[in-house]
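> Those protein sequences? They're chains A and B, same order as listed.
Numbering-wise, the first sequence is residues 1 to 146 according to UniProt numbering.
Numbering-wise, the second sequence is residues 1 to 146 according to UniProt numbering.
Keep in mind that the hints were calculated from the coordinates and are not lab data.
A virtual CB, placed ideally from N, CA and C, is assigned to each residue, including glycine.
Where hints are given, some of them may not hold.
[Said to hold, decoys possible] With beta-carbon atoms standing in for the labels, derived distance ranges:
id, chain 1, residue 1, chain 2, residue 2, range
1, A, T6, B, I136, 25 to 33 Å
2, B, E2, A, E131, 55 to 63 Å
3, A, K13, B, K122, 33 to 41 Å
4, B, T6, A, F5, 52 to 60 Å
5, A, F142, B, E2, 36 to 44 Å
6, A, M1, B, N67, 33 to 41 Å
7, B, K124, A, K145, 29 to 37 Å
Protein chains: 2
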Amino acid sequence: MENIFTDEYFMKKALQEAEMAFDKGEIPVGAIVVIDNKVIARSHNLTELLNDVTAHAEMQAITSAANFLGGKYLKDCTLYVTLEPCQMCAGALYWSQITKIVYGASDENRGFSKLGTQLHPKTKVVSGVLENECAILMRAFFRTKR
Amino acid sequence: MENIFTDEYFMKKALQEAEMAFDKGEIPVGAIVVIDNKVIARSHNLTELLNDVTAHAEMQAITSAANFLGGKYLKDCTLYVTLEPCQMCAGALYWSQITKIVYGASDENRGFSKLGTQLHPKTKVVSGVLENECAILMRAFFRTKR
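Build the full structure now, drawing on both the sequences and the hints.
Here is the structure:
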């Protein structure tokens, strides 16, 4: 039987979150955390609504997943996020010791990979999953702001 | 008349916060945010109590100060923190566009300056204020953990 729980499967759920951010006038980034093919956290960017630069989708997802697990380390967890994490979020992911990060669109200016933010040695990274879909939503958002 | 509102004056208040963290069994880091010589946010590390790697003193101080100001940018604000910010906190400070960061003890392993985290071009940094006092508290904490 085919495994339906692919990276694309979960990234679609992160994209649904990004669309919720879009509808609220937020930069459309969504994130989920998965353990054993189960979604344990969902979030989307809320920096405008909360007036808080720390309210990125990933930060909320990390807090929420740790709350679910009852411990601060995200062992055996995968974060799916529609946009490449920034320095802040990558720095938080470093502390979380998360097992895997999967992101959609790259962020050439403020993404952690260009800026050289250190991840935990235990963390694997996969990029470019549903990259087009994630990037199209971002471009559509910024087009509404012109 | 002598100006009592020196960096040392405010760092002492951050140190009081660090001592509160120490008393709770948390890595003793404290932070305050100041605007026009007025303290608008106080916080200390709560990562253990909250089971949350994002609950560093600085992160809470940024959220709290933005809440006080009613806007997410920390223009004309100074953050005083007893330990050099990590990648996550420096990344959050980047987004906040804070005017000035003053820290006490350096963190040779996980501090942002060694790891090359980018701050906002508007942000000035002062280091080493009450460095000994801040470092002594950290060492005392880790001695209790041996």
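> Going back to the hint list, which numbers does this structure go against?
1, 5, 6
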